[in-house]
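A.B. asks: In case you want the letters, here they are:
2 protein chains.
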Amino acid sequence: MKLAIIFFYIILFSFFVTAIIKSKELKNEFNLMPFPAQIVPGLGEFRLADSFAIAVSPDASGRLVAAANRAFQRLAGRTGLFFSQGKVQPEQSLSNASMIISCQRRGALKLNEDESYELKITLEKIELTAETDIGVLRGLETFLQLLQSDAKGYFFPTVIIKDQPRFPWRGLLIDACRHFMPVEVIKRNLDGMAAVKLNVLHWHLTEDQGFRVECRSFPGLHEQGSDGFYYTQAQIKEVIDYAADRGIRVMPEFDIPGHTTSWFVAYPELASAPGPYTIERKWGIKDPAMDPTREETYQFLDTFFKEMTQLFPDDYLHIGGDEVNGKQWDANPEILAFMKAQGIPDNHDLQSNFNKRVLQILAKYGKKLVGWDEILHPDMPNNIVIQSWRGREALIESAQKGYQGILSNGYYIDLIQPTDFHYLTDPLPEGSPLTDAEKRHILGGEATMWSEYVSFETIDSRIWPRTAAIAERLWSPAPLQDIDDMYRRLDIISFRLEELGLLHEKNYEMMLRRLTNNQNIQPLKTLVDVLEPVKHYRRGEFNDYTSFSPLTRVVDVARPDAKVARIFKKLVSDYLAPESKTSQQRSAIEKWLELWKENHAALSEIIKASPVLREIESLSKDLSLVASIGLAALESIEQRQPTNPNWVQEKLDILEKAKNPRGETELMILPAIEQLVNHSEK
Amino acid sequence: MKLAIIFFYIILFSFFVTAIIKSKELKNEFNLMPFPAQIVPGLGEFRLADSFAIAVSPDASGRLVAAANRAFQRLAGRTGLFFSQGKVQPEQSLSNASMIISCQRRGALKLNEDESYELKITLEKIELTAETDIGVLRGLETFLQLLQSDAKGYFFPTVIIKDQPRFPWRGLLIDACRHFMPVEVIKRNLDGMAAVKLNVLHWHLTEDQGFRVECRSFPGLHEQGSDGFYYTQAQIKEVIDYAADRGIRVMPEFDIPGHTTSWFVAYPELASAPGPYTIERKWGIKDPAMDPTREETYQFLDTFFKEMTQLFPDDYLHIGGDEVNGKQWDANPEILAFMKAQGIPDNHDLQSNFNKRVLQILAKYGKKLVGWDEILHPDMPNNIVIQSWRGREALIESAQKGYQGILSNGYYIDLIQPTDFHYLTDPLPEGSPLTDAEKRHILGGEATMWSEYVSFETIDSRIWPRTAAIAERLWSPAPLQDIDDMYRRLDIISFRLEELGLLHEKNYEMMLRRLTNNQNIQPLKTLVDVLEPVKHYRRGEFNDYTSFSPLTRVVDVARPDAKVARIFKKLVSDYLAPESKTSQQRSAIEKWLELWKENHAALSEIIKASPVLREIESLSKDLSLVASIGLAALESIEQRQPTNPNWVQEKLDILEKAKNPRGETELMILPAIEQLVNHSEK
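Protein chains in written order, with this note's numbering: chain W, 1 to 682; chain X, 683 to 1364.
The shape of chain W in the complex, shown without the other chains:
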């Protein structure tokens, strides 16, 4: 039986995607994320057996061969099959293999490189073709996501997929400064990035709180600015190679002229105020900034960038440029005199002058300059790239002015916002005021993992799985906006990401074990499952955080977008929708509420032996209390006995009070219980 091949044309494209997404059948069949640009399902399936073999042509790049072997191992790992092939090796006789991988050329790690691929699965054969080996890498991830199973064994559905990214710049920023992230953290997250087709690691390497790269020209930078926590140049190269092997560019960020306290510990002469300086231990916008009026600053930066541009091969280099408060400049008479003499009206212009000098240095070393939206200034030439963090307006403005731009506003994953918020943030939303030519300036976006409140233990749970949804936004066709289906696929992708060594699931129970002092974790898990950390940077309001503060408390274990709370919320809103109440829904809601109601008794015993949990004891009590309220409301809804307004108001007051964060966390089921209470009055 031949696969019925259907051709879709570009003009039908957006209709096509929508049609597919709405098809329940397809939804259940394909657990792909990012969802491909075009997918045509066939009939029947390719059954996987231990005779399965992958062939790559003799001229395949080392990167392609290594990626094929990794995919092969992941397939063996999932299925337990002892493939007779063992190892994928470049060979002449391609035709006998069950899977044939080919491409035209080795891809370059450059912006706009071709990442497209075509994956064709028939009953007997799998073909993966691409222009570049990077396209093959993207296709291999799709291939692995297609694996399914039934009682008879493992198989791939027959399918034709033609796929390419919507945006060429799809990044993840990792801040290795506020908290240092050892090489293995970066590597496992590079594997996660590759799995969801991200292609830029934006490595934030210098900050007030730490200078994280070995610098041979000025060794005081890492020796005195890092507490010993920095990457050696050998490690940097190792990471760059590892990323390159996964088709990922590595763009370093050296944030100047502000966010530079750690530079000044060894080199106070660079600063705009006299030292001495010590490494900054607290978060926020700090005063220290480089002196943009001294020639020595630029001599230093020239030597510094000469070394760093050799270390980092990417075409782009990020100079930060954000959050300079100008206080050191305002207080320095020499700087003020310089500004007067040069006719520089304000600090923004002063910084722009600085940026232009840095731009010259980078240009000399063959690099393009990227900076946060503060660097946007009429004086700056438009061959720089603006990364928009303060708002999407900046991105639009910069595109209109002819600058290339990357969106990060809306992708700040450190702010603990829900996945759907990020998912629906589009660098080029429908109704964008930009012209087509201006739209082409929008290169893509980047999720930003700032690390004030994350450690090597918790960073994975802040990045994943939410970043997979951002990756889909940046790769897949714009009309893809079905939130329920996104969450359904996200669960599966999240599970699959564990295969790459990511700790977002694993560390949850480990941290619960530590918090309970190795007692039964279940009661604590029941509570934490419905908690989220407070949003944005509110944690700093509750505790006096420094670089050394523990990141092992309940707030650190609690995860963004608490899944149980999300499920409960959906259950309640489905149940309360007109004409939809089913006993199944009711009993599911009741089951959760009963669980929560009983939980405090068990958890309070655990807390007695684990003082670190005392800070959430009243929250645990509140969970039981609000669950009781929910049960009462449910009962009256069910019995069709409206509650009286006084009761409703009294309970709403209690619910309101329960919103008060404890241990920097908040109960996420309150709105759903409010809904029940409000509804009970009707």
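Since the hints were derived computationally from the structure, they do not count as laboratory data.
Be careful, since some hints might not be right.
Some chain X residues close to chain W (C-beta under 7 Å, calculated; not the full set) [stated by the list, open to error]:
#	residue
1	758
2	761
3	762
4	764
5	768
6	769
7	831
8	1188
9	1232
10	1293
11	1294
Okay, derived cross-link-like pairs now, DSSO-like style, lysine-lysine, Cα gap no bigger than 30 Å in a straight line [as the list claims (entries may be wrong)]:
#	chain 1	residue 1	chain 2	residue 2
12	W	87	X	1217
13	X	1245	W	525
14	W	162	W	439
15	X	1009	W	87
16	W	152	X	1303
All of these numbers come straight from a predicted model, not from anything done at the bench.
Each residue gets a CB set at the ideal place from its N, CA and C atoms; glycine is no exception.
Go by the hints and put chain X onto chain W.
C.D. replies: Only chain X this time, still in chain W's reference frame:
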């Protein structure tokens, strides 16, 4: 209130330890492993508050300061306390701090370096003193193990501990060849080693299956012999530094003249039979061996060891020397002619000649030679170290002949034997035939993590927690032999090891999730909790393993020394002991049996969607079946209605059949159920 200080003298020492171990009160108070040489409990406790501060003297080594900071961070991590000190820094004013750490000098990473320490905790102060900073590191781990909590908060019991190791060589061998172990695997296991006071990483770096070190003199070694999986020299240095920072020596092993297939891929001229060679993909004793009769072999090795002895600073270098089957030598006429000409009677002598030449080379580069017990030969001088793997007799023999020795026989953790077996294996057991002078030749022992059947995902669960018990055997006084208390403490240490990033607990559920294809893992967990992999190297009897075979199946998830089976066995034997039957015991046994009896129904549903589990389906069925048998036996014991002999025999036959391994795993509860059945007849 002052701590009542009691002095113990060396003459009372063995009595003292026994007395303490038998004290129930102390047992419950101290969760230490390895248990210290001397411990004197005081009255009251040192309460931990956020004002807690650690002082180290201005001349403290960088290693000491870093270790103190790691300990400080672990303390913050467990307690959630925001210590006002932040970071431990060398300082003048020691007296104000609540904990004062001091030592006389920086320790050398040499055999027999002083690792002793004294830890004194009073109501208001903690003092940790040692001769060397390495002693301080050992003491810091004890300090952390002493942390306790109650409803009021965290505290340390007042105590005086004087501690030093029983043996100076306490090692863990990691085989990075059969399966490559990335740098992070080595690093996290070094942290685990430090936590239980091990001090030698024996790094097995070359094998038939892979050559794992970058070699600049002969780059073909790693380029053609490793599939790309090798450590760069930068990584080797990184690991050595990391280990040194934890007071751990790194001894490399380059196994020659056998186990060398991977060397011959690029350098076939080294072999005793003509090539070409490819990397070996299967396990076992292979024919390829270096040609010990050609001068070029020694020229090669001279250059090779010149480079490697510079890379690895340790005084000792391991040359393997095991399992040369001599087939290539027997088949090579030139080698036979050489032997005849030189009057070399047999292959053992030929290898000994080879070893002597290697010894000369190593001596030239300032290294001492270590080898497996095959290298023992009358011709070898006794300044070499023999590592005994084939039996303890070899260790005794070598000590009697004046060789220094290390025990590994009995510590082969890859053989999946229970912890108590390893724990009771003593390099110098009571009744040893050795004289006191000979006893001093026994340097200690090493757990050996051979990696035929372990991957980077499973290695932690094979090493930990069992290796902590071996570490105690090598560190603590010999009389310490209470198995129940060892297991009690092992559970706690195992939990604490997670803090160091070890995956022995975390990967269990992750791998169960993968096996169930993200379905509910509970039914599978219930089964796997009572499974162990088949012992020794029996896995190879069931499947045709190669380097590429999946290590993700049930057998890989199942852990050595299955805890639930051990608990159940103890329950049953306690219950069946004369005059001890309690209803509590009976109901605990019944609860387990009921759980297992019902389990298959749920698990068989899971298996339908996860074909990788089909191989254990009949085992799951057997678990239910044998649980029913256990319940019937229990019932008749309880009712004092003896079963009839036919029934007993019939059931014993079923239990016997259930012992048949499936999926390379075996049910560990069968002996206990047999006991129940046998008892039911009485």
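A.B. asks: Next step is simple, just say for each hint if it's right about the structure.
C.D. replies: The hints, checked one at a time:
no., hint, in the structure
1, 758, "4 Å, holds"
2, 761, "6 Å, holds"
3, 762, "4 Å, holds"
4, 764, "5 Å, holds"
5, 768, "4 Å, holds"
6, 769, "6 Å, holds"
7, 831, "6 Å, holds"
8, 1188, "4 Å, holds"
9, 1232, "4 Å, holds"
10, 1293, "5 Å, holds"
11, 1294, "4 Å, holds"
12, W:87 <-> X:1217, "28 Å, holds"
13, X:1245 <-> W:525, "23 Å, holds"
14, W:162 <-> W:439, "23 Å, holds"
15, X:1009 <-> W:87, "29 Å, holds"
16, W:152 <-> X:1303, "19 Å, holds"
Comparing the model with each earlier hint shows no violations; every hint is respected.
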